[in-house]
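Sequential numbering of the sequence shown, starting at 0, is according to numbering that gives the first Met the number 0.
Don't read these hints as lab results, they were simulated from the structure.
Treat the hints with care, since some could be wrong.
[Unchecked claim] Below, a list of computed lysine-lysine pairs in the BS3-like style, where the Cα atoms sit at most 27 Å apart:
hint, residue 1, residue 2
1, Lys80, Lys53
2, Lys46, Lys56
3, Lys81, Lys53
4, Lys71, Lys81
5, Lys56, Lys71
[Stated by the list, open to error] Pairwise CB distance ranges, derived in the manner of DEER restraints:
hint, residue 1, residue 2, range
6, Lys80, Lys56, 14 to 24 Å
7, Gly70, His38, 21 to 31 Å
8, Gln17, Arg48, 12 to 22 Å
Each residue gets a CB set at the ideal place from its N, CA and C atoms; glycine is no exception.
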Amino acid sequence: MARPTSSGNTLVLERIGQLFEQASQSFTLHPERSNRYVHMARRLSMKHRTPLPKSLKRRFCHHCYRYLQSGKNCTVRIRDKKLVISCFSCKHHTRILFR
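Starting from the given sequences, assemble the full structure and let the hints guide the process.
Structural data, given as structure tokens:
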């Protein structure tokens with residue numbers, strides 16, 4: 000059974016969006032700080048049992064939880080109708096069905 004959404008969840012999603020925005024802004028100068036922002040956003044999401052939106056889920060590695068920026072620390076390719084995101088830190092490949 001799905002949990003009802005409350006106004007608190009919208010505040011949590013807003014804060015998570017702000018953390019990912021800060022992560023993207025600080026990535027060029029402080030990549031470790033952007034990884035910390037991703038860590039904080041994930042913990043906030045788990046604490047309030049609010050799922051991350053798909054657009055934000057694809058912005059970090061699900062193996063090492065590092066912030067990903069295409070061309071800097073990951074590659075994004077399309078192979079056999081799949082979107083393949085390869086992390087340079089842990090060499091993990093995430094495959095997403097691409098239509």
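### Message
For Lys71 and Lys81, compute the direct alpha-carbon distance and say whether it is at most 27 Å.
### Response
Roughly 21 Å between the alpha carbons, so the hint for Lys71 and Lys81 holds.
### Query
Would you say the C-beta atoms of Lys80 and Lys56 sit inside 14 to 24 Å of each other?
Distance hint for Lys80, Lys56 holds at roughly 20 Å.
### Task
Given the range 21 to 31 Å, decide if the beta-carbon distance of Gly70 to His38 lies inside it.
The hint (21 to 31 Å, Cβ to Cβ) holds, given that Gly70 and His38 are roughly 23 Å apart.
### Query
Between Gln17 and Arg48, does the beta-carbon spacing fit 12 to 22 Å?
Holds, since Gln17 and Arg48 (Cβ atoms, about 19 Å apart) stay within the stated range.
### Query
Given the proposed pairing of Lys80 with Lys53, does the C-alpha separation stay at or below 27 Å?
The given pair, whose Cα atoms are some 18 Å apart, holds under the 27 Å limit.
### Query
Holds or violated: are the alpha carbons of Lys81 and Lys53 at most 27 Å from each other?
holds (16 Å)
### Message
For Lys46 and Lys56, compute the direct alpha-carbon distance and say whether it is at most 27 Å.
### Response
holds (17 Å)
### Query
Are Lys56 and Lys71 close enough, with their CA atoms no more than 27 Å apart?
Holds. Lys56 to Lys71 sits at ~18 Å (cutoff 27 Å).
In summary, this structure violates none of the numbered hints.
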